[in-house]
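**Q** I would like the entire structure built from these sequences, with the hints used as guidance.
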Amino acid sequence: MARIQIPLDVLTSRLNIQDRFAGFRNTSISSRFANMRPVSEFLDFKRLSKPANFAEVQSRVNYNLGTFSSNYAFVFVLLSIYALITNPLLLFDIVLLVAGLWLLGRLNGQDLTLGTFHATSSQLYTGLLVTCGLLFIIASPFTTVLWLIGASGVVIIGHASLMDKPIDEAFSGEAV
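Take the sequence shown: its position 87, counted from the start at 1, is 87 in the numbering used here, and no numbers get skipped.
Everything labelled a hint here was simulated from the structure, so no lab data went into it. None of the values given here were measured: they were computed from a predicted structure. Watch out, some of these pointers could steer you wrong.
Here are the simulated EDC-like pairs of lysine to aspartate or glutamate, each with C-alpha atoms no more than 16 Å apart in a straight line [claimed, not checked]: (1) Lys165 with Asp44; (2) Lys165 with Glu56; (3) Lys165 with Glu41; (4) Lys46 with Asp164; (5) Lys50 with Asp164.
Pairwise CB distance ranges (calculated) [unchecked claim]: (6) Glu41 with Tyr82: 21 to 31 Å; (7) Gly133 with Glu41: 37 to 47 Å; (8) Pro88 with Val130: 36 to 46 Å; (9) Pro166 with Asn53: 16 to 26 Å; (10) Val154 with Asn53: 15 to 25 Å; (11) Val130 with Glu41: 20 to 30 Å; (12) Val155 with Leu129: 27 to 37 Å.
The C-beta atom is built at its ideal place from N, Cα and C for all residues, glycine as well.
**A** Put into structure tokens, the structure is as follows:
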């Protein structure tokens, strides 16, 4: 039986995904959020409409992902914060790991001695890794990440496909 090979570039070339991520990597956070569109334009309910066909969906998604990319990044950040707040064990594990690494970094590689207790820096790092690793497994981070991918995909792609182009942009591609 022969293997079926699906060329991924044929599937992804219409959405221009590679060029979108190339621009995202080259920008800083401050310049990324500097070109946010106003909320009144982002949530303009007068421009919400059902697309007629899949070609119109692709056209809208291509336009809106470029226009509202900073707004969509902000929505993703808000959903990430919500996901961490609703999973307090994962939030505690992340805070514990960051605080533990910061405190161990303050030791500058020296051993920790508290009274009669003596621990080397490698023992402290191992204890932190084991503790945070077990908490990480219990906190179900994969479920949280999958929820975040699904929720942001539904919200962002849903908004991008339902938000119609402005009238001046709708006619810019046609010859006069």
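**Q** Next, verify each hint and record whether it holds.
**A** Evaluated hints:
1. Lys165 with Asp44: Satisfied, since the Cα-Cα distance of roughly 11 Å is no more than 16 Å.
2. Lys165 with Glu56: holds (10 Å)
3. Lys165 with Glu41: Distance ~11 Å between Lys165 and Glu41 Cα, so the pair holds.
4. Lys46 with Asp164: Answer holds: Lys46 to Asp164 is near 9 Å, not above 16 Å.
5. Lys50 with Asp164: holds (9 Å)
6. Glu41 with Tyr82: 21 to 31 Å: holds (23 Å)
7. Gly133 with Glu41: 37 to 47 Å: holds (45 Å)
8. Pro88 with Val130: 36 to 46 Å: violated (21 Å)
9. Pro166 with Asn53: 16 to 26 Å: holds (20 Å)
10. Val154 with Asn53: 15 to 25 Å: holds (21 Å)
11. Val130 with Glu41: 20 to 30 Å: Given a distance of about 50 Å, which is not inside 20 to 30 Å, the answer is violated.
12. Val155 with Leu129: 27 to 37 Å: Given a distance of about 35 Å, which is inside 27 to 37 Å, the answer is holds.
Going down the numbered hints, you'll see the structure goes against 8 and 11, while the others check out.
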